[in-house]
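There are 4 protein chains.
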Amino acid sequence: MNQTYEECIKACLECMEACNNCYDACLKEDHIDMMRECIRMDRECADICAFAAKAMQSNSPFAKEICQLCADVCQACGDECAKHEHDHCKRCAEACHKCAEVCREMAA
Amino acid sequence: MNQTYEECIKACLECMEACNNCYDACLKEDHIDMMRECIRMDRECADICAFAAKAMQSNSPFAKEICQLCADVCQACGDECAKHEHDHCKRCAEACHKCAEVCREMAA
Amino acid sequence: MNQTYEECIKACLECMEACNNCYDACLKEDHIDMMRECIRMDRECADICAFAAKAMQSNSPFAKEICQLCADVCQACGDECAKHEHDHCKRCAEACHKCAEVCREMAA
Amino acid sequence: MNQTYEECIKACLECMEACNNCYDACLKEDHIDMMRECIRMDRECADICAFAAKAMQSNSPFAKEICQLCADVCQACGDECAKHEHDHCKRCAEACHKCAEVCREMAA
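So the sequences go chain by chain: F, L, U and S. Reading the first sequence from the start, the letters are residues 1 to 108 in UniProt numbering. Reading the second sequence from the start, the letters are residues 1 to 108 in UniProt numbering. Reading the third sequence from the start, the letters are residues 1 to 108 in UniProt numbering. Reading the fourth sequence from the start, the letters are residues 1 to 108 in UniProt numbering.
Among the clues, some could well be false.
[Stated by the list, open to error] For lysine-lysine, the following PhoX-like pairs were computed, each having C-alpha atoms within a straight-line distance of at most 25 Å:
1. U:K28 to F:K28
2. L:K10 to L:K90
3. F:K98 to F:K10
4. U:K10 to L:K90
[Said to hold, decoys possible] Derived contacts from chain L toward chain F, CB cut-off under 7 Å, selection only:
5. E44
6. S60
7. F62
8. E65
9. L69
10. V73
Hints were generated in silico from the structure; no laboratory data involved. All values derive from a computational prediction rather than experimental measurement. All C-beta atoms, glycine included, are put in the ideal place defined by N, C-alpha and C.
In isolation and in its complexed conformation, chain F is listed as follows:
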């Protein structure tokens, strides 16, 4: 694998996992009414993170452009998750903001 991509792939896969966990947990929350945007962003973010990881792993000629998109989605998802007090949201916000940062560097 391209060593350049190693850190970014790791951040994407960790963010994918945090988002899918948060998605499942949000769907079970008592006050799901508050979690609408979080559920929506979690799905979106998990899916683009998986897409970005695949692009880097397979040396896509569009890896940088995909990482730029991934950074934008991760930033938005992390900002949404950071509004909530649930542990799964806090963990997800942290993984998203980390991934946004690493993807931005990759895309630069």
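Using the hints provided, position chains L, U and S relative to the given structure of chain F.
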């Protein structure tokens, strides 16, 4: 469904199909040595087209940004396919260039 | 494209669209508390339908096995959607049950 | 995250990476004519591994059935990769056979 998206979703799904068909046919060509880039771009383009269709169908807040990426990949895949004489490549080039145009309008 | 697959690909893509539409609409419903399972199944079903369409379009050696899985998910998603009175749920239930039937035939 | 799934998610993500790496490397091999099936299986396997990881991470009610499908694809991809002498194929065969085993246990 959002009516605005209807034409673009259709173009993405038709491009996805043309790319997946071309991918399969390229893998069976006698002179596969010539088809390396076509195989690679077909997979990439089919996958981003599916991703863009999903984004529009589910009213993603990132639909426009995803369509911009999709337009870039479709343009590159169409340009690659247009270099080859196989019917599947010609059909794919046409679907890719059409989708690139519609996605660019959507992203504008 | 393989003519055998044509009807099944069409059913999968229509089901994907109905599920993604229903997912978006469920996330906006007043009584989202009632829609938890519908949201979850819509995502799952949309994603496996896209996966099955790709498999058939690219002549995957696993197309039949993937269609069997798709049939099971479509059946469960259609059964869940059929419990609700919203138009988007009724349309989704219909698309899911249709797709389940066509996928079962494909897998047989 | 569900602790039960931890090992299986890890195996799927490692297999996804090995398959995407092998796919890219096969597309660059001098004797690409020999690598047709390997390219095809690598894409298929990488994609189902990503799908299975997502299913487990989000507590899908179909996680077991998806892992059974994943096990079958991993076994076939590993068997194909094991026919080739390239380092990327050997590494991929190992990751695939490991993932097939863990997925089979999960599905049981």
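Could you tell me which of the hints above the structure violates, numbers in ascending order? none
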